[in-house]
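Trainee: Take these sequences, add in the hints, and give me the full structure.
Spelled out, the chains give:
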Amino acid sequence: MDVSDERDRLIDVLLHEELGGEPPPDLAERILRAVGRPSGGRDTPVPPRPDRSVGPAAPAARASRQRWVVPGLSAATVTLAVLCGVLFASRPAGPQAGPIPRGTSVSTGDETWHIRLGHRGYCRLEVAPRSSLRVDGQDRAEEVYLEQGGVECDVDRGVGAFAVRTEDGVVTVTGTRFSVTMLDEMAKTGEKGGVAMAGKKLLVKVMMGAVLMTGAWGTTELKAGEEGGTVTGILASKGDTWIGVRPEGKDEADPFLPAWKGGLPAAGGGFDKDTLALIKTLVIGSKVKLVWKTTEDHPRIVSIEMLSLPEKKPEPAVAEKPEGEGEKVAVAEKRHRHGDAEAPRGEAEKPRPEGERVAAVEKKALPAEGEKVAHAEPEKKAPPHREADPAQKKGTVIGVVADKKIGESVCWIEVKSTDKDAPLERYYPRHIAGKEGGGPDYEMVKLFKKAKVNDWVRIDWVFEERRRAIKMTIQSQ
Amino acid sequence: MTPDDATPFSAGFLHPLRPEMQHTSGTMTRDELETMVRVHQAEVHRYVRYLGAESSAVAEDLVQETFLAVFRSPEPPVARDERQQSAWLRGIARNLFLEHCRRARTSPVKADSASLERAEATWSNEFLREGDGFDYKEALRECLASLDGRSREVLDLRYGQGKSRSEIAGLLEMTEDGIKALLRRLRASLAECVRRRLAG
Chain A
6 MDVSDERDRL IDVLLHEELG GEPPPDLAER ILRAVGRPSG GRDTPVPPRP DRSVGPAAPA
66 ARASRQRWVV PGLSAATVTL AVLCGVLFAS RPAGPQAGPI PRGTSVSTGD ETWHIRLGHR
126 GYCRLEVAPR SSLRVDGQDR AEEVYLEQGG VECDVDRGVG AFAVRTEDGV VTVTGTRFSV
186 TMLDEMAKTG EKGGVAMAGK KLLVKVMMGA VLMTGAWGTT ELKAGEEGGT VTGILASKGD
246 TWIGVRPEGK DEADPFLPAW KGGLPAAGGG FDKDTLALIK TLVIGSKVKL VWKTTEDHPR
306 IVSIEMLSLP EKKPEPAVAE KPEGEGEKVA VAEKRHRHGD AEAPRGEAEK PRPEGERVAA
366 VEKKALPAEG EKVAHAEPEK KAPPHREADP AQKKGTVIGV VADKKIGESV CWIEVKSTDK
426 DAPLERYYPR HIAGKEGGGP DYEMVKLFKK AKVNDWVRID WVFEERRRAI KMTIQSQ
Chain B
6 MTPDDATPFS AGFLHPLRPE MQHTSGTMTR DELETMVRVH QAEVHRYVRY LGAESSAVAE
66 DLVQETFLAV FRSPEPPVAR DERQQSAWLR GIARNLFLEH CRRARTSPVK ADSASLERAE
126 ATWSNEFLRE GDGFDYKEAL RECLASLDGR SREVLDLRYG QGKSRSEIAG LLEMTEDGIK
186 ALLRRLRASL AECVRRRLAG
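Protein chains in written order, with our numbering: chain A, 6 to 482; chain B, 6 to 205.
No wet-lab data here; the hints were simulated from the structure.
Please read all numbers here as calculations on a predicted model, not as lab measurements.
Using N, Cα and C, we set each Cβ at its ideal position, and we do this for glycine too.
Every clue listed holds true.
Under the rule of at most 16 angstroms between Cα atoms (straight-line distance), these lysine to aspartate or glutamate pairs were calculated in the EDC-like manner:
#1 B/K142 - A/D17
#2 A/K455 - B/D140
#3 B/K185 - B/E172
#4 A/K410 - B/D140
#5 A/K409 - B/D137
#6 A/K451 - B/D137
#7 A/K451 - B/E147
#8 B/K142 - A/D13
#9 B/K142 - A/E448
#10 A/K451 - B/D140
#11 A/K454 - B/D140
A few chain A residues that don't get close to chain B, going by computed Cβ distances all over 12 angstroms:
#12 S137
#13 D141
#14 E152
#15 A215
#16 T224
#17 K255
#18 L283
#19 V293
#20 K476
Mentor: Written out as structure tokens, the structure is:
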């Protein structure tokens with residue numbers, strides 16, 4: 006092809022990404038599986054197992070699963086969240102069991118078990134140690150009920166359906182790869198893959214394909230790169246556009262945002278109005294059950310169920326508010342308890358009756374948010390820095406540039422402030438609304454690029470999911 | 006910046022290209038492969054699509070094969086620089102793509118070594134421009150924002166909504182060939198706009 010053809014193809018590829026929302030897929034797990042697991046999986050052939058055979062995995066069995074990860078258009082593609090961190094640490098052992106009838110319960114003990122279900126074993130399950138599940142369903146509509154622990158699922162397309170039922174909801178799929186974990190409130194978080202929060206009841210992560218997560222709240226679709234689940238805890242803090250829920254057994258609250266509805270802000274898009282209105286009515290200190298899903302790297306509210314009102318003395322928001330902020334804690338608490346003067350139409354804040362289930366704010370898959378994010382490089386090797394405190398909404402930092410990253414999908418600058426005790430903080434450009442989702446504040450990105458490590462900088466910032474630089478000055482060294 | 010340049014502010018800093026990645030012989034570790042994949046997979050995927058991989062599935066296969074080839078290579082890259090690693094990966098991807106075209110007799114893409122070398126020159130000199138293509142994409146966004154309504158509508162239909170040329174032709178009451186020519190003209194004008202912005 007001549008030069009004009011090459012430019013034409015380049016623009017064509019970039020337009021597909023920019024306008025079509027087609028970021029490059031994350032193939033890391035698929036590639037790493039292909040080279041073998043750390044425990045020494047070898048790419049050796051394995052005799053096929055009969056349907057429903059159950060038993061602890063042998064090393065060759067894990068290698069055969071690699072063959073099931075058929076690239077391209079056939080079945081599974083990659084990557085599962087291993088939130089409990091134990092699914093890949095299994096050791097082979099034990100006898101092979103025969104076929105298991107429906108209704109049979111399986112408890113794995115200290116070993117990982119492999120189960121194949123359905124016609125020609127189109128559902129392949131890896132059941133984590135200390136898990137228990139029951140085999141249900143029917144032909145071509147296989148199903149398991151996961152009572153506790155975790156299961157990794159690999160389902161061939163075009164054969165039949167498969168579902169994982171849990172106490173909190175059902176995950177159904179017709180061909181993809183995903184994981185479902187039922188965590189105890191005091192369970193530890195895993196390190197591998199996406200967002201993991203202790204205290205979650207149900208956690209689903211999808212790396213390729215899509216699944217439907219169904220519960221009393223309705224149905225939510227999770228696509229590749231998304232996670233979802235449920236969490237029960239105390240509403241520890243809230244703002245106009247966010248809430249902080251402290252899961253049972255945890256000391257810190259996790260932030261959740263409303264889903265983004267519509268398209269661009271200029272076209273009327275914005276946070277889901279029903280959720281914003283709902284947030285206004287919530288009472289800090291209430292026990293809530295939250296259904297969430299991660300979209301573009303942040304957990305978003307699908308539905309909230311108020312389980313109980315706060316006890317006599319609701320938990321103050323003091324822990325969530327930084328000292329020295331202009332907004333006094335007592336005033337904030339009073340506002341939250343007795344209604345927001347800025348509430349629409351002057352309505353006082355009305356706590357919902359106990360047990361009232363809030364209508365699902367989402368009954369279908371959330372549209373992609375206006376802020377498009379190309380394939381994001383996981384910041385696995387990033388230096389330690391403190392996660393932004395959502396309660397601290399704005400500020401100014403003066404310090405030295407410690408690090409920065411400028412790329413097409415990742416852009417931040419890290420500053421060590423003059424306060425010796427302050428940790429490294431990371432600052433991002435703001436999102437500027439525009440056509441097709443807008444983009445980062447390019448003027449700020451240019452400043453980030455201009456700043457060098459060890460330059461002194463002054464940054465005025467606001468908290469919008471992260472610390473966002475709104476003004477930056479680079480001073481000479 | 007490397008650990009050798011550590012300052013109090015960079016305590017705990019881990020650069021993706023650690024000095025221990027400098028192999029002169031032997032295989033990569035799995036961790037090193039994972040780091041390389043996470044740093045470069047997006048670009049490699051975009052690159053193979055640019056070369057002409059006819060579908061997402063083919064592109065993904067080529068990306069996987071590229072990194073597997075790296076992992077199995079008896080002489081993994083010795084480059085510290087991400088750009089050098091990236092160039093090395095693109096070289097492997099080009100060879101694999103060429104092999105794919107030769108194997109897949111039904112592939113609609115025709116490629117030879119010379120055309121792929123020219124493609125690499127365009128990619129490296131015009132898109133990357135000694136960076137990672139960020140400036141090019143930024144310029145493209147600005148050029149898109151400056152398009153008139155009709156031009157943008159056509160691009161949205163094609164790339165945003167994934168409509169075929171025949172569907173677009175029906176919507177806009179044009180012929181399919183007319184749509185094809187229009188899209189090509191629009192891409193050419195965008196390419197020229199980007200070139201001017203980057204030169205200016």
